[in-house]
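Participant: So you can see what is in the structure, the chains are spelled out below.
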Amino acid sequence: MRQTEHLVHKYLRSSKRFPHIWCAGCGIGIFMQALIRVIDQNEYSKDDIVLISGIGCSGRLPVYVDFNTLHTTHGRALTFATGIKLANPRLKVITVMGDGDAVAIGGNHFIHAARRNVEIASFVLNNSVYGMTGGQSSPTTPYGVITASAPYGNLEPDFDICRLAEAAGAVFVARATVYHTQLLDRLIDKALKKKGAAVVEVVSQCTTYAGHFLKLKSPVDMMKWQKNNSVTVEKAKQQSEAELEGKIVIGVLVDRERPSYHEQYQSLLAEKSKI
Amino acid sequence: MTKREGLEVSIAVADAAMLSDVDVVSAYPITPQTHIVEHLAELVANGELKAAYIPVESEHSAMSACLGASAIGARTFTATASQGLELMHEVLYVASAMRFPIVMAVANRALSAPISIWGDHSDVMATRDVGWIQIFVENGQEAVDNVICAFRMGEDKRVLLPVMIHLDGFVLTHVIEPIELPDKKDVDRFLPPFKYPLPLDPEKPVTMGAFGQPFIYTEVKWAQEINLEKSKDVILEVWQEFGKAFGRQYSPIEQYQTDGAKVLLLTMGSYSETAMVAVDKMRNDGKEVGLLKLRLWRPFPYEELRESIKSAEILIVLDRAISFGGPGGPVCSEVKAALYGGEKQPKVVGFVGGLGGRDITMSGFEEMINRGIEIARTGSKREFEIYGVRE
Ligand SMILES: Cc1ncc(C[n+]2csc(CCOP(=O)(O)OP(=O)(O)O)c2C)c(N)n1
Ligand code: SF4
Ligand SMILES: [Mg+2]
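Quick mapping for you: the protein sequence lines, in order, are chains U and B. Once you know that position 11 of the first sequence is 11 in this note's numbering, the rest is easy, because the numbers rise by one and skip nothing. For this note's numbering, add 1000 to where a residue sits in the second sequence, where the first one is 1.
Think of the hints as simulated: they come from the structure by calculation, not from any bench. Any given hint could be a false lead.
[Unchecked claim] With beta-carbon atoms standing in for the labels, derived distance ranges: (1) U:258 / B:1112: 29 to 37 Å; (2) U:167 / B:1050: 55 to 63 Å; (3) B:1072 / U:144: 28 to 36 Å; (4) B:1047 / U:167: 37 to 45 Å; (5) U:115 / B:1112: 42 to 50 Å; (6) B:1112 / U:269: 30 to 38 Å; (7) B:1277 / U:144: 33 to 41 Å; (8) B:1047 / U:144: 16 to 24 Å; (9) B:1208 / U:224: 37 to 45 Å.
[Said to hold, decoys possible] Residues of chain U placed beyond 10 Å of chain B at every Cβ, according to the derived structure: (10) 74; (11) 156; (12) 189; (13) 215; (14) 236; (15) 243; (16) 253; (17) 275.
Note that CB positions come from ideal geometry on N, CA and C, so glycine has one too.
With the hints as constraints, model all of the structure from the sequences given.
Facilitator: Written out as structure tokens, the structure reads:
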């Protein structure tokens, strides 16, 4: 408790920016706390961190925390982040995006930031809908689910954000839910330390819209659903595709090495300036 | 006989698109447009509207999908606002230049940064020059009527241009108003089925939007300009026909209490309703003020403006957007340009106000008009003033 209080005072813009806009029971706050916890444990200087978001309920997160923060336009967090990282590689660059932000309107940037391997720790808060605009289908809305824009069920298949990140070239890819907070802390920690493009999909609950559509009445039901449907990466390896249907595979999915974009850029500059 | 019922304006706008028998709707959600497109999604899904609904991943894609649909001759509708309209920007030019009569409702909203979901006209003004017909509406009924008119205006063979219907975000989109939805049969009679003269057709291949070399590009643009200018005749004709069929009259500039008015205020969109109340009050107090409501923004109604200011000495223009570093609000500078060199030149005073959802109340309008009169007489240090700004 004392520790939480300390974190609140140290990291939240509590006097200026609160109350926040999130609904009671929303998962975004759980992620925010985890992020702050890990940053505090690592004793990173607040001034060395840049937190960038697009637009959406998830995108509101940087507004509430006392780092260098940039609240940009819908879908473009990674482009701003790329500019920041290349201009000042010393900074720890973090993006927080919604599923719509990252893989709908900003999908292009998502694949190219991973392909270039820009050293950015990206957290995609996947609540399977456009929360902020009132619960329309997003590219991660499961097939058949009713949403505000698909009143008789969504006809589009959904994206697997992690497989997309992996295929595009991200060097660290992982998934947790906001129920699994200890795992979440560990994954955030790894992502923040990774030298390259790191993507963590954080399965979260939009209690106001997705809860209603998924027929999960309360935030507690939604978190129980996260608990009961998750399978660790290790266990998933023993299971068939059919068994894994509809399950959330959690843990580290990809952890590999490849020179990051700014490292390559700097060595090129060093080499050419010698000539 | 149709009757008036209480309807959310967004829902009524979607219903108007349905009554117009749209074939394709493509949209991406953004506040405060969402209810329009969600209702259309519902109408398509439950079979009430026989159309294709394409839920895309951004506004750029939404407008692009509309272009494609329009190219094969489909009647096409979309809606957006603010950042979404800006994201469409490059494709908006293509729509008008390729002569696709897409109809789009814009739920006017401020632009970032700072982020604001509330209303003003910054989004529209940034798309002023894209070559679309642009109409501002003042209330829900006007929105419904003008969506229907827009298809007929845009699809007329003499026009073939896309049309934007601007309705203020929240204060119009999210309110329930008494609205008369026209009868389907009457709409069918008023709005003939769409026949695009030269659609994409594998039997008769055509090329659209090909390279415009320097020897032809200027002529294409000139033709486009003449065409937009001339569309005004058709717009007037359609409004007249609409009046005959449905009993509601529309004009490029509507005059309110202008008889003998020495001072005129010019507004656009929903603020005109509040301004009317303010003008009534000032008239009661014995002041000779009147109101001009600019409905047709593109093509700009030069003659109607010149005609409507004939007896005025002072013309006060309220803009809900800033043209940064320019001579004030975009509407005011156009009004000045339109009157420049004319026989009759009232003193034009520009205000910017109502930015990012800041309300202007009835007494606010009164205050603004009085301040405008004062500026006209004694001058101001600035080219324009911002109403109610804290310095
Ligand atoms: C260019 C543009 N189009 C649309 C919007 C409207 N908009 C704001 S947030 C959002 C979707 C949010 O969904 P997601 O990214 O999943 O975040 P969530 O709110 O669910 O956390 C949309 C469509 C916008 N702000 N800008
Ligand atoms: S709408 Fe959904 S995602 Fe947004 S704050 Fe509420 S619960 Fe969270
Ligand atoms: Mg989301």
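Participant: All hints are to be evaluated individually against the structure, with a verdict given for each.
Facilitator: Each hint, compared with the structure:
| no. | hint | verdict |
| --- | --- | --- |
| 1 | U:258 / B:1112: 29 to 37 Å | holds (35 Å) |
| 2 | U:167 / B:1050: 55 to 63 Å | violated (39 Å) |
| 3 | B:1072 / U:144: 28 to 36 Å | holds (30 Å) |
| 4 | B:1047 / U:167: 37 to 45 Å | holds (39 Å) |
| 5 | U:115 / B:1112: 42 to 50 Å | violated (28 Å) |
| 6 | B:1112 / U:269: 30 to 38 Å | holds (34 Å) |
| 7 | B:1277 / U:144: 33 to 41 Å | violated (51 Å) |
| 8 | B:1047 / U:144: 16 to 24 Å | holds (18 Å) |
| 9 | B:1208 / U:224: 37 to 45 Å | violated (54 Å) |
| 10 | 74 | violated (6 Å) |
| 11 | 156 | violated (8 Å) |
| 12 | 189 | holds (31 Å) |
| 13 | 215 | holds (19 Å) |
| 14 | 236 | holds (29 Å) |
| 15 | 243 | holds (31 Å) |
| 16 | 253 | holds (24 Å) |
| 17 | 275 | holds (40 Å) |
Going down the numbered hints, you'll see the structure goes against 2, 5, 7, 9, 10, 11, while the others check out.
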